[in-house]
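Residue numbers (my numbering), protein chains in the order written: chain S, 1 to 385; chain G, 1 to 427; chain W, 1 to 51.
To be clear, the hints were calculated from the coordinates, so they are not data collected in a lab. Possibly wrong hints are sitting among the right ones.
Here are the computed lysine to aspartate or glutamate pairs in the EDC-like style, where the Cα-Cα straight-line distance is at most 20 Å [as the list claims (entries may be wrong)]:
#1 G:K23 <-> W:D29
#2 W:K32 <-> G:E177
#3 G:K20 <-> W:D29
#4 S:K258 <-> G:E76
#5 S:K8 <-> W:D29
#6 S:K38 <-> S:E103
#7 S:K8 <-> G:E177
#8 S:K38 <-> S:D68
#9 G:K93 <-> G:E200
#10 S:K321 <-> S:E294
#11 W:K32 <-> G:E200
Output of the computed footprint for chain W on chain S, the stretches with three or more beta carbons under 8 Å from beta carbons of chain W [to be verified]:
#12 3-10
#13 152-161
For every residue, glycine included, the Cβ atom is placed at its ideal position computed from N, Cα and C.
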Amino acid sequence: MTRLIFAKILAACLFLACLVGGGLEMRGLRTYKESLVKGPGVTGTGRLSDYLPALKGSWGDTNLYFLDSGKPGGTALILGGTHPNEPSSIVAAFVLVEQALPEAGKLIVIPHYNRSGSTATQPMGAYPQFISIKTGWGEQKFRMGDRLANPLDQWPDPEVYVHYPSRQMLSNVDMRNVNRTWPGRADGALAERIGAAAMELIRREKVDFVVDTHGAELLYPVTNCIVAPDQGASIAQLAALDLTATEFEVHVEPSPAKFRGVSHREIADHSEAVPFLLESPDPFLDQPTGPKTEALELDGKDEFLLAAARRGLLFTDYDEKGKSMEERAGRHISVSRQLAAQWSLFNPERIVAFSCPGYAEFVANGLGPYFRDPAAAPEGSVVLE
Amino acid sequence: MFTHVAILLAAMAAAFALAKLAKLSTELSILAMALVGALAAGQGIPLRHLAEGSVAYLDICLIFVTATLFMNVVKEAGGIDYLVRKVFIRFHKRRAVLLVILMLLMLIPGALTGAGSVSVLVVGGTVALVLRGLGLKDEHVAAMVFLLAGLSAVAPPVNIWAMITTAGTAIPYVGFELPLGIPVLALGLFVTFYYGMRGEARDLGSVLATMPEPPAGMRAWRVGAPFLLLAAFIAVPRIWPFALPTLGLPIGFAASGFLAWALSPRKIDILRLSRETMDQLLPLLGTCIIVGILLQVMTLNGVRGLLSLSIISLPTVAIFLLLPVAMPLSEGILTFGGAAVFGIPLIWTLNSIGLNPVPALSGLSLLWMLGDALPPTALIGRLTVQSTGYAGRYWSFVKSCWLPWLVITLTGTLMVVFSKQLGALVL
Amino acid sequence: MASVITLLYYALCVYIAAFLALGFARTRDWQKAALQLVVLLPFVLRVLRLK
Ligand SMILES: [Zn+2]
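Just chain S, same shape as in the assembly (with noise of 0.2 Å):
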């Protein structure tokens, strides 16, 4: 009887030491703010539920900003964060904010594309809550997040996805993908309203071309790449080959006609707006690899992965030294600027330009340099996100 009593109350110790420690360290990264400093080429924030009132109030809403030259041209969009479990993107949405210099036309940049996703890391993944990019003023910190919107902010899921307006059958889970819920839905679910909020921007602000970047396991085989539907053909065509000649090997995959709900699917076809999708390959994703720990989000070096490239598994290049963030970031900006110089070639009445540094920059110096002291910037300047 006592040793009942007494492993009940072990038990119950247990049980409150997960409910409470394990609650309360959830809850940290459920609240936590990343701090971003306006740069010079900011003129002006948004939030997405300016285009879609439905989503104020909710985590769905988000923080948009202006770079806007002053001189005539043409919009871009870019999406960092969409799958927040794919930080290089949030990470270079941030360095584009912080450090852009627009020279012709005007970027939209929203760094937390999926913000409701950023709030929840994925049961199964055992993912770092947080990373911190080291800076010469102290750490640059991001929330990791996960693919999905939080199921706090989206419940419950469907037994299956049905994609509106394709009537698609999709993964249920997928609901809450905010690539898979393009071109949304008004009156639907967090993510598909996320979704109509942006068809929204886009056709209000009159875009021109929209980049998602995201990150890819290296055993997808659509990694190191622009997905480009028809209509960005030839402008991802030429961006690549210029890049692959230049810098860093990345090639072009268009877009499945009958995948629906993804960005460069929907846009496409929803939209005047040409969507282009980055990949760049994030080693940390894959399945066969160690354990998820920051150091490999942020160097990308695993042994498992290693072993896998070895053995011909892998569709990229892969070694030693890894896939660090500053090349996985470095890349999303440098396509992101060569798109915009192609696009300005093929629509010389909608050029858009800007000045950031990117993938040689990062690589040569790190990421630090290029993240501003939130203690050190102009009053006002300094937003949280």
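Fit chains G and W with the ligand to the given chain S structure using the hints.
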């Protein structure tokens, strides 16, 4: 790294064995395995990871609870007794027709929900009663219910293994109707007649005498209405997907259960029944939640990566030879987690040598389905025993699955090997 | 409407959690008691909106 992680894997296996020796239940032994996996990796007791892993299968658990509660209400109300009686009186002379009806009854709930367990929980008990009436041996009843439930989970439109893998590999979940539907129907008929044609049907009178009498006020509509409501909850979101917000199955089961309770000719104490249902389901819920924790720890310490690397590193022929054993085992240990650990890298690897992922994945899910009878989790196997009232030894029912098991294994493996040639089935 | 459904799901979790807690208090089998708590954990985490 390799040796380090291999040692962790060995430590976890040893922890499981020791826990079993110390007479711990299967569920707690898996938990011990997870805790040792974290401790040995130098992670201490990683509270956040334990908490996070526990949530992984929360939604599946909600389906289990509400589906079982629904069925228990119907049973308590006398609806099952009524139904079995009617079906038996009507069809006892036309065995083949009756068998096909039973097969479809078993296949539909799992096909629509993706969970074979729902088939077992919702209709397994009823079907078992009728099969006994047809003179089937207890092992054969359990084997048939288990296999059909497994096939129902494989059946389109919802196949959770394929969905987990397609979502993880960015392959659209399309074109699975025929590659899943044709083998499921063919194998379903095979299983049904393989077991169903054995045994003499006892004469109507003596069978009816062994069946419990339904309560006096029971009518067809009282049994039918809750099932119709449930069918509406499943069908409406597919026919008019944009008319309503996401309802989810648990609400459908809960509402239908409530209706069955309201229509019952007997008074049902819902609180007592809920308590009993939770008691009945505890091992199943525990297994799901603990497997979530286990997978989180395996990811944390690198064991998951090692396992997934070892399978894709094999030469293609060796992969094919290993599939019939490794896939059911992975399901037995990790349930749906096996699809994530092995399915995702496997599909990419097979894709890169030119195989068509859709038939390949359909074949794999036939193999995974068998694993639901294997320990330590034996998810559907255990539910089958519970809901069919099978009283014999667990392994003798599994043994009596041997021929269909072999046929299903062969079908599944060949579908993977010849997935390129089967590409024509993908519409 | 969608938020009403979500609320129902939270209510369902509370209902289930209550029976698990009750089961934990009543059982005389320590293994069962431990298992009740393991199962209880995700339901409480969701109800408290921690995960
Ligand atoms: Zn992505």
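(message) For G:K93 and G:E200, compute the direct alpha-carbon distance and say whether it is at most 20 Å.
(response) holds, 11 Å
(request) Mind checking the alpha carbons of S:K321 and S:E294 for me, to see if they're no more than 20 Å apart? (result) Given pair S:K321, S:E294 holds - Cα atoms ~16 Å apart, limit 20 Å.
(message) Tell me if the straight-line CA distance from S:K38 to S:D68 falls inside 20 Å.
(response) holds, 13 Å
(message) Quick check: do three or more residues in the stretch 3-10 of chain S have a beta carbon closer than 8 Å to a beta carbon of chain W?
(response) Coverage by chain W holds for the stretch 3-10 of chain S (4 residues, Cβ < 8 Å).
(message) Need the status of pair W:K32, G:E177: alpha-carbon distance at most 20 Å?
(response) It is violated: about 42 Å lies between the C-alpha atoms, which goes past 20 Å.
(request) Assess, step by step, whether the Cα of S:K38 is no farther than 20 Å from the Cα of S:E103, and give holds or violated. (result) Satisfied, since the Cα-Cα distance of roughly 17 Å is no more than 20 Å.
(request) Establish whether the coverage given for the stretch 152-161 of chain S by chain W is satisfied; the threshold is a Cβ-Cβ distance below 8 Å, and no fewer than three residues must meet it. (result) holds (count 3)
(request) Mind checking the alpha carbons of S:K8 and W:D29 for me, to see if they're no more than 20 Å apart? (result) Holds, because 9 Å separates the two Cα atoms, which is no more than 20 Å.
(message) For a C-alpha distance cap of 20 Å, please report whether W:K32 and G:E200 respect it.
(response) Cα-Cα ~42 Å, so violated.
(message) Hinted pair, alpha-carbon criterion (20 Å max): G:K20, W:D29. Please report holds or violated.
(response) holds, 17 Å
(request) Starting from S:K8, check that the Cα of G:E177 is at most 20 Å away, please. (result) violated, 49 Å
(request) Given the hint that G:K23 pairs with W:D29, test it: the Cα-Cα distance must not exceed 20 Å. (result) holds, 13 Å
In this structure, the hints that do not hold are numbers 2, 4, 7, 11, in rising order.
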